[in-house]
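Residue-level listing of the chains:
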Amino acid sequence: MTTGNVGRPAGRIGGLDRVTGRQRYVADLRLDDALHVKLVTLPCARARIVDIDTSKAWEVPGVRTIFTAADLPDPMPRYGVHYDDRPVLAVGETKFHGEPVAAVAADTLDAAQRAAALVQVQYEELPPVLDVRAALDPAAPLVVDPVLRPDDPLASTNIRREFRYAWGDVDTATADLVIENTYTFPMVTHFAIEPHGFVVAADESGVTVWSSIQHPYILQRVMARVLGLPLSRVRVIAPDPGGAFGGKGYPKFEPLLAYMAMATGRPCRLVLTLEETFQAVRRNNAEVRIRTGFDSDGTIRFQDIEADFLMGAYVDISARVISKSSHLAAGPYRVPNARILARALHSHTPPSTAMRGFGTPQFSWALEQQMDEAARRLDMDRLEIRLRNLARKGEEFIPGDTPADGDWFESVRRAADAIGWGEPLPDGRGRGLAVGIKSSATAGAAYSILRFLYDGSVFVLVGTSDMGQGARTILTQIVSDELGVPPEAVNVVMGDTAAAPFDYSTSASRSTVFMGGSVMRGCAELKDQVREMAARLRGCEPEEIEIDRGVVTFPGGEQKGIVEVVQEGLGAVGGELIAVGLMRGEADPNHPIGGRPWFYEFNCTAVELEVDRRTGEVLIHKHVTVADVGKAINPQHVESQDEGAAIMGLGHTLMEHLVLDEHGRIVNLGALDYRIPTTKDMPLELESIIVENGDGPGPHGAKGVGEGGLLCVAAAVASAVTDATGVVIRDLPLTPERIWRAINEVTPSEVSP
Amino acid sequence: MTPQTMNITLVVNGQHHSLDVAVHHSLLDVLRNDLDLTGTKECCAEGECGACTVRMDEKAVNACLVLAVEADGRDITTIEGLATEDHLSPVQQAFLEEGAVQCGFCIPGMVMSAAYLLEHNDAPTEEEIREALSGNLCRCAGYKRIVRAVQRAAEAGR
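Residue numbers (the numbering used here), protein chains in the order written: chain L, 11 to 763; chain A, 13 to 170.
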């Protein structure tokens, strides 16, 4: 019998394999006979493909196939998660730098690389659409051929979707102070340390796909659809990804590899370089124009928000990123009148996808700076103006949506206390504080199979991915407590659609709530089976049997261990108990974003920093991140996730920005020129605070966690930079150059007294 | 055209190997592909991320920046060679105890860099640890716990 694994900082399951190098990621798998694939790309974003000559490439020994659009079905198969818009290979015209026009498969990677370099492509470079302004220009070339957008009234524009939400009446709302500004959020990339990797094998029975994917069941669905196979003939094996952050959510080159594997009869393997990974997916950059009305006491009267998100060449999941995040654009505040318009724009840039925060950091960057500016103009404290407007627990701050589900005041106060808000500061230092909020999953389905084996060990089969957040550990802790078996006896099997049942996705910080809830129900079902078994053995009713943490209590008080009872019940023949756990949340077609969020991720971040006025460099002395998590199933995992999110947030705040040249090529392509935080960029002190009020919908009152720590980092840091220097900057990242320029061109009207 | 090859000898984790390697292949290629020692990871392949850090004679190196032929005759230690049959190295143990591991992809390189540091400095300051690990990128950004783990390993080793 064990007690109380939940709530303890249990060590990471899989940690040992990771510190010894035994953990096998996709690129570490070795398949006999696999061919190595190399993609052929053009040195520009947009080009008309005139001719592809593969004759020289075929002369390289070891080449087994060379694919161009001509080798694929006509019309070109297209795929995607919500829109089937992405071609297996570029056909007619390339849409972004890095989009393959051909692919070579050869016996060795050397041969594939040499042959790929010998594929001769004649092309005519065409002017690309690279930014928001160009995308909205009516004279701009169309990224997507209108033929591919039948019945779409926006087909003759580069706008894919417009999302509009409103409540109250912004036009008639009055305010003492109206603040209007434009904020930009840069194009950044996930930069998981593991580049994307894929292997596909095909035979008459179907295809097997190995992929560094977060959502194996979405990949399975897309592969089945594009290849015309039943789901049962598509097996996706998804080894634990080496970091994902949203970037590994959706299919990339798996369909191409499937066609190549079918053509050659051999497994095809493609491990992207880091540069190719940069070109595969990124975060949506955005421009947010926001007009906010305040009363003279700082009360928000209205929010009028217009945002343009540059999705890139294909939709991927971006339309959802934009629709969902913009619904929450007015933040966690009480806003009586709001009007929100968000556009999803196409451009000749790598496609955007989900990334930690899912569109919310773009809005938080704008919204929280508006709050600061209002505080300055109204001579109010920046903390005070937030507390004045923050929604109270239970308050429906967006009409018709999930009410505030946490004591957000507590989070803000704890952040403020931890950073020493209001205390005197040394010269050159500033403090900043901001809040961030993100909607969790609005629908989904998480199935689990629990197999209670004869010796009391338990298989837990789930389609969830463990990509560093620790889902395997969390689920083990939950099952261990529920069934009263030691954690070592619990084996969580993930990452194989042939072994584990359906899980919608590992996204939106959902797994603890959805899959955690699913295994809780599976455990309850198992205990019911044990009760029936025990009742049969004792000739009593199942309701008379109690089971608590692995101890079975019979009428009259006799107690036995659950394993003993199961063994007695299964008898000499043996066997096992099998239960299915299920957690479903149905989509609501009448809700503007397809359903109410199951919970909110709320975060308050506060920083104290120093700006070197001579260089514009920022040194963060202290960074506090506060997460309202309901219940920390594993406090160490919660803190690790929050600390990581905080530092990732410092990346887009201080240094990260993909820079494009006029051909649409990423100039800072690769680790040399695209900088992410290192040990030397860490705050001198980083504190993670967990608020636990047991008010979440997950096991033990848990909410999801893992994205919150990133949401409002930029605004908190910018607030502190303004506090330290008096300058206001509305474009990210806050590079030393940008800060230095702002200090040296400062306009006094923007500065608080 | 077939790639030119050269015969080299390597001692890797105490084992002798005689290998014909392509002259343009890196030590990382040979470790991962010829010897199937996949604990050493490939990310940036340009010496910036540190995921492929291994020990070559007395130095910690990025295996992606060393040509295999340059490693001829050298003694190499990879992450697979750090623990003995029964015991993790102090750094590995400390990484587990401090919860410094998340996705784990950077961890082999991080552990190798940390072990190298502690060999040369058994009582590093926090600043020295940050400096020594600044060439190892971790996007899960477990840096705080990684630094603590190195401190813990240093204490354990003294």
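Everything labelled a hint here was simulated from the structure, so no lab data went into it.
Here the structure is a predicted model, which is why all the values come from computation and not from measurement.
Built from N, CA and C at the ideal position, the CB exists for glycine as well.
Certain hints may be false.
[Claimed, not checked] Cross-link-like lysine to aspartate or glutamate pairs, in silico, EDC-like; alpha carbons within 20 Å at most:
| # | chain 1 | residue 1 | chain 2 | residue 2 |
| --- | --- | --- | --- | --- |
| 1 | L | LYS690 | A | GLU143 |
| 2 | L | LYS632 | A | ASP84 |
| 3 | A | LYS71 | A | ASP84 |
[To be verified] Covered stretches of chain L (chain A as the covering partner; in silico rule of three or more C-beta atoms under 8 Å from a C-beta of chain A):
| # | stretch |
| --- | --- |
| 4 | 194-204 |
| 5 | 549-559 |
| 6 | 571-584 |
| 7 | 684-695 |
[What the hints assert, rightly or not] A short, non-exhaustive set of chain L residues, derived as facing chain A with CB atoms under 7 Å:
| # | residue |
| --- | --- |
| 8 | HIS92 |
| 9 | ASP95 |
| 10 | MET477 |
| 11 | GLY478 |
| 12 | GLN646 |
| 13 | GLU653 |
| 14 | MET658 |
| 15 | ALA681 |
TODO: Sort out which numbered hints this structure fails and list those numbers smallest first.
DONE: Of the numbered hints, 2, 5, 6, 8 and 9 do not hold.
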